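Use these hints to put chain B onto chain A, whose structure you have.
The residues making up each chain are set out below.
2 protein chains.
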Amino acid sequence: MIDFDQLFARDLPVPAARSRGWPRYNFTGGHNDPEIVPVEGLIASAERVLRRDGRSLAAYSQGGNPLGYAGLRAFLADKLASKRGIETSADDILITSGSLQGLDLVNQVLLEPGDTVIMEQLTYSGAIERARRRGVKVVGVPLDEDGMRTDLLAAALERLRTGGVRPKYIYTIPTIQNPTGTVLSLERRQELLRLSAAHGVPIFEDECYADLLWEGDWPTAIRGLAGGAAVIHIGSFSKTLAPALRLGYVSAPWTVMSRLLACKNDGGTPALEQMVVADYFGAHFDDHVGRLKAGLRHKLEALTGALEEQFGSAAEFRPPRGGIFLWVTLPDQVDTAALAGPALEAGIAFNPGPDWSVDPVAARHSLRLCFGHPRPAEIQAGIERLAEVCHRETGIPERSANVARDQPLPSR
Amino acid sequence: MIDFDQLFARDLPVPAARSRGWPRYNFTGGHNDPEIVPVEGLIASAERVLRRDGRSLAAYSQGGNPLGYAGLRAFLADKLASKRGIETSADDILITSGSLQGLDLVNQVLLEPGDTVIMEQLTYSGAIERARRRGVKVVGVPLDEDGMRTDLLAAALERLRTGGVRPKYIYTIPTIQNPTGTVLSLERRQELLRLSAAHGVPIFEDECYADLLWEGDWPTAIRGLAGGAAVIHIGSFSKTLAPALRLGYVSAPWTVMSRLLACKNDGGTPALEQMVVADYFGAHFDDHVGRLKAGLRHKLEALTGALEEQFGSAAEFRPPRGGIFLWVTLPDQVDTAALAGPALEAGIAFNPGPDWSVDPVAARHSLRLCFGHPRPAEIQAGIERLAEVCHRETGIPERSANVARDQPLPSR
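Going down the list, the sequences are from chains A and B.
Under the working numbering, the first residue of the first sequence carries the number 1, and numbering increases by one thereafter.
Under the working numbering, the first residue of the second sequence carries the number 1, and numbering increases by one thereafter.
Please keep in mind that the hints were generated in silico from the structure rather than gathered at the bench.
This one's a predicted model, so the numbers in the text were calculated from it and none came from an experiment.
Take the hints with a grain of salt, since some may be wrong.
Claimed, not checked - Covered, in the sense of this in silico footprint (three residues per stretch, anywhere, with C-beta under 8 Å from a C-beta of chain A), are these stretches of chain B: (1) 7 to 16; (2) 30 to 37; (3) 41 to 50; (4) 60 to 67; (5) 145 to 154; (6) 193 to 204.
Yeah, the Cβ is synthetic: ideal placement off N, Cα and C, and Gly gets one too.
With the rest of the complex left out, here is chain A:
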């Protein structure tokens, strides 16, 4: 018998456990609204594209450009121009297996152990973790209600320059920031570009959520602004359609793209999903996203209502301007990483704040609640139960629904 433990590479992640199944109240991850998956539309698109182009599946990359299915790249070229202000040719867009693969490819092409990158202080856990796995130092820049504080970014860049460090990129989620839900102001986008040019540090713009802005001004993507030609921009169909489809994209200068493409040695992004999404969104993008946003906004109201009712002033949050998650901060007594276990025992899953922070300690009282997947009634019930577990474990919240927590709650 082979003893594999003697053979594994060093520094692997801890082994995966057997799957535990879906929690009863799931507020984690970037799951989307199942009710709004356009099943009949996808069926019609699948039929149309398979009948027209199905035989092309017999060749790697459908016998076409390794950048991805031409129809989806053409759709994206239009969408990026009309909605994000990015003028690009379809031949400068790369389709990836989720924007996550875009993130991995950019990291592979730019990062080496010992490098430094800059991110928003609170940001996507995967971005922090993947950089650190490569032995890269992550410098966090605080946010306020307008996104990354560019004055503090300037100071950080200056400090790094003084220390002889040129960071490899400034990673930002400018439009519906993850996890804070903020939108970076136009002035700050321009300031970011100015700082990028002054310090020779590229901007790495992640726009996974940008299409889900509820309303109001829709700031141009940083890559679409004057001086934005060198920005590396990634996006996703996970949030506008469905994450299990695993489709994202990269828009970047060819200097970078030619490197990403050389490293993308996966035999091509799966084609059926590309074909179906190109066909469906070619006709229905605005309708679908409009419906999706209405549903998500309704769920956000259910979530903030439940939090107010169950946690009262103990839960601090700023409603996001779009998207699928809410960043909540609880009083100092609550350590959200410690709460996660007992909550899961009670069927409630959430993302503890430390995973979403460059400085885990600073976020130990916060958590991220994703409201995309559960129905409003499940959101209500889940938050009720979370308040119960949290009270039991930490004494917080002291009151729920205007009733002191040491009395039984009126309804369950």
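Only chain B this time, still in chain A's reference frame:
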């Protein structure tokens, strides 16, 4: 403006060029037969699975097991048991984006720079290249008509042990070997297992092509033999259905699987493809593969016929026992890597032998011709034209279709 050239990581692959499109006569890669893509069957399956499970796309991994879509894992557990002799639970099968992702994950989990692995002397270029990219030394073991020479494997293992080297794995494509088309005999499979146990070196079995054996005895997979429980086994739907779907799988002991799964941080294998393939193959695997094999065998005959006609005794080959490619050796005057450029100018693409060999110099007169994609008439015309280019560049073949090559050919 950002100068990215100052920022790229060291040792990246050379930048990709802009796509040149599909060559007129394409004998490269692992492309499949476009005529046999079951378009109407896939449409019916897509409709059925989307209507039944489409809403599950709203969650990562469809809210299920990160190993992959349960229906496809169940199909595979049956198929592996009935066709490959591997008894396994669906919960010990991982669905990957092509078997290529399986290969990458296994490498990630086992290999470090400075390690050694053993492969067949002639083998899949991607396996050689990916190991070498990780700074791993590849030791080749010669093949004969029954696959890897286990006597020479024993000698190589002994030599390495004497030198204090324990290889990380023995990679083999036992059933329809790539590129030689051989099938490893049962005795050698058992001997391989004996050597694996004696030296504590795992077997990494790649069965991408095994379903395409024309006829005759169908040797049990090495993982299915007594003592095979520690074997890591990968397979693919690229060759039985369509490579652009990007679906493969891993069957491995949980010790290894828990590591592969921890490293598979891609957000899940795309779900629509998994659902459609599970449904379609759940009802049609044998029919479809039977049709596919009949078509491929007909194409192989077209290829060997054209080679005999155009190259005569100058082209040496042993018809494969199944699959999609033929390994051809030309006389010493022909350097196939040098021939590839002029051939591509003339619209003919093939895989030069050195890419498919642990020792590139030893394979410099050989080439791999994949006959899966072109139609028989294109095969005929492509080989005619290849003979023309080859004669012009090297003087080989001296005669074609029984006519000396310095005379014009009778037909074109």
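The hints, checked one at a time:
1. For the stretch 7 to 16 of chain B, the stated coverage by chain A holds: 9 residues have a C-beta nearer than 8 Å to a C-beta of that chain, and at least 3 were required.
2. With 8 residues having a beta carbon nearer than 8 Å to a beta carbon of chain A, the stretch 30 to 37 of chain B meets the requirement of three or more and the stated coverage holds.
3. With a cut-off of 8 Å between beta carbons, the stretch 41 to 50 of chain B has 5 residues touching chain A; three or more are needed, and the interface restraint holds.
4. Beta-carbon proximity to chain A at under 8 Å applies to 8 residues in the stretch 60 to 67 of chain B; the threshold of 3 is reached and the given coverage holds.
5. Coverage of the stretch 145 to 154 of chain B by chain A is violated [criterion: at least 3 residues with CB-CB distance below 8 Å; count 0].
6. Counting residues of the stretch 193 to 204 of chain B whose CB lies closer than 8 Å to any CB of chain A gives 5, which reaches the minimum of 3, so the coverage claim holds.
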